[in-house]
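Trainee: In this note's numbering, the protein residues as written are 48 to 268.
Treat the hints as calculated values from the structure; they're not laboratory data. Since the structure is predicted, the reported quantities are computational estimates derived from the model, not experimental observations. Certain hints may be false.
Stated by the list, open to error - Calculated cross-link-like contacts (lysine-lysine; reagent style DSSO-like; alpha-carbon spacing at most 30 Å):
1. 158 x 257
2. 158 x 181
3. 250 x 181
4. 69 x 253
5. 253 x 158
6. 69 x 250
7. 181 x 166
8. 158 x 250
9. 253 x 181
10. 257 x 166
11. 181 x 257
What the hints assert, rightly or not - Cβ-Cβ distance ranges computed for the label pairs, FRET-style:
12. 173 x 120: 45 to 51 Å
13. 253 x 75: 17 to 23 Å
14. 135 x 113: 21 to 27 Å
15. 75 x 162: 39 to 45 Å
Idealized CB from N, CA, C, for every residue including glycine.
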Amino acid sequence: MASPVTIVETLWQYLNDGSLYKHSSVSILRAFYGFILAATVAVPLGFMLGGWFKNFERVFNPLLVFLGQFNPFALFSVFLLLFGIGEFSKVAMIFWVAIWPILLNATLGVKSVAPLLIKLARSMGMGKPGLLLKIVIPSSSAFLFNGLRMAAGTSFFMLIPAEMMGASRGLGWLIINAQINYQIPKLYAGTAVIVVFGIVIDKFFKFLEKFVVGWKEAQVI
Numbered sequence: 048m049a050s051p052v053t054i055v056e057t058l059w060q061y062l063n064d065g066s067l068y069k070h071s072s073v074s075i076l077r078a079f080y081g082f083i084l085a086a087t088v089a090v091p092l093g094f095m096l097g098g099w100f101k102n103f104e105r106v107f108n109p110l111l112v113f114l115g116q117f118n119p120f121a122l123f124s125v126f127l128l129l130f131g132i133g134e135f136s137k138v139a140m141i142f143w144v145a146i147w148p149i150l151l152n153a154t155l156g157v158k159s160v161a162p163l164l165i166k167l168a169r170s171m172g173m174g175k176p177g178l179l180l181k182i183v184i185p186s187s188s189a190f191l192f193n194g195l196r197m198a199a200g201t202s203f204f205m206l207i208p209a210e211m212m213g214a215s216r217g218l219g220w221l222i223i224n225a226q227i228n229y230q231i232p233k234l235y236a237g238t239a240v241i242v243v244f245g246i247v248i249d250k251f252f253k254f255l256e257k258f259v260v261g262w263k264e265a266q267v268i
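Could you build all of it, start to finish, from the sequences and the hints given here?
Mentor: Written out as structure tokens, the structure is:
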């Protein structure tokens, strides 16, 4: 087992030779693209399922929950078959694991909006765009941020298996390559970097959530 001193020395070596920046930038871009695609699809879809297509959501909710709990590792061969071993398969895999927490939380958030608020707004002549912007989004923002935070963390930690598929760069590839060649300090160093990035992302979304929906917590208090 590698000692902490050896791991720190390995990290310092990565910083000096530019490897850490090269692999980190590739992995961050993959995670970012997968996360953004998932949010772009899941947020409006979750709002529609929770608000305007409730019967559809009631029928398909068990399927959505099942897909959300489905082990992504079992889909390796499917992603490879559909998208090959290029960049798209890696982004698609991250997209798959990121979409479900956002979708389910967005749906729950819309369903949690108080019906009395909707009735009051409609009685005052507010249309659907106004309801969405002034009632639904602010009321469901806590759920939405929770889903985004979970998806962002999952996206980054999914890099290791995603970058097993024909990658030659990235933090996941760095860890897998170190494992194959039994370079234990490099393995732990790469893992430590991913953990740090995951913690930073989680703290960032918590800060953003407090900044955006802090008024709601103050109102409850």
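Trainee: Do the alpha carbons of residue 158 and residue 181 lie within 30 Å of each other, as the hint requires?
Mentor: Cα-Cα ~15 Å, so holds.
Trainee: Quick one, are residue 69 and residue 250 close enough, alpha carbons at most 30 Å?
Mentor: holds, 24 Å
Trainee: Under the criterion that the straight-line Cα-Cα distance not exceed 30 Å, is the pair residue 69, residue 253 satisfied?
Mentor: holds, 28 Å
Trainee: When you take the CB atoms of residue 253 and residue 75, is the distance between them in 17 to 23 Å?
Mentor: holds, 19 Å
Trainee: Regarding the pair residue 158 and residue 250, is the alpha-carbon distance no greater than 30 Å?
Mentor: holds, 27 Å
Trainee: Hey, residue 250 versus residue 181, does the alpha-carbon distance stay inside 30 Å?
Mentor: Cα-Cα ~27 Å, so holds.
Trainee: Go ahead and decide if the range 21 to 27 Å is satisfied by the Cβ distance of residue 135 to residue 113.
Mentor: holds, 25 Å
Trainee: Residue 181 and residue 166 were given as a pair; does the straight-line alpha-carbon distance stay at or below 30 Å?
Mentor: holds, 13 Å
Trainee: Does residue 181 lie within 30 Å of residue 253 when you go C-alpha to C-alpha?
Mentor: Holds. Residue 253 to residue 181 sits at ~23 Å (cutoff 30 Å).
Trainee: Take the C-alpha atoms of residue 181 and residue 257, compute the straight-line distance between them, and say whether it is at most 30 Å.
Mentor: holds, 19 Å
Trainee: Is residue 253 close enough to residue 158, meaning Cα to Cα at most 30 Å?
Mentor: holds, 23 Å
Trainee: Determine whether the Cβ-Cβ distance between residue 75 and residue 162 falls within the hinted range of 39 to 45 Å.
Mentor: Roughly 42 Å apart at Cβ, these two residues keep to the hinted range, so it holds.
Of the numbered hints stated above, none is contradicted by the structure.
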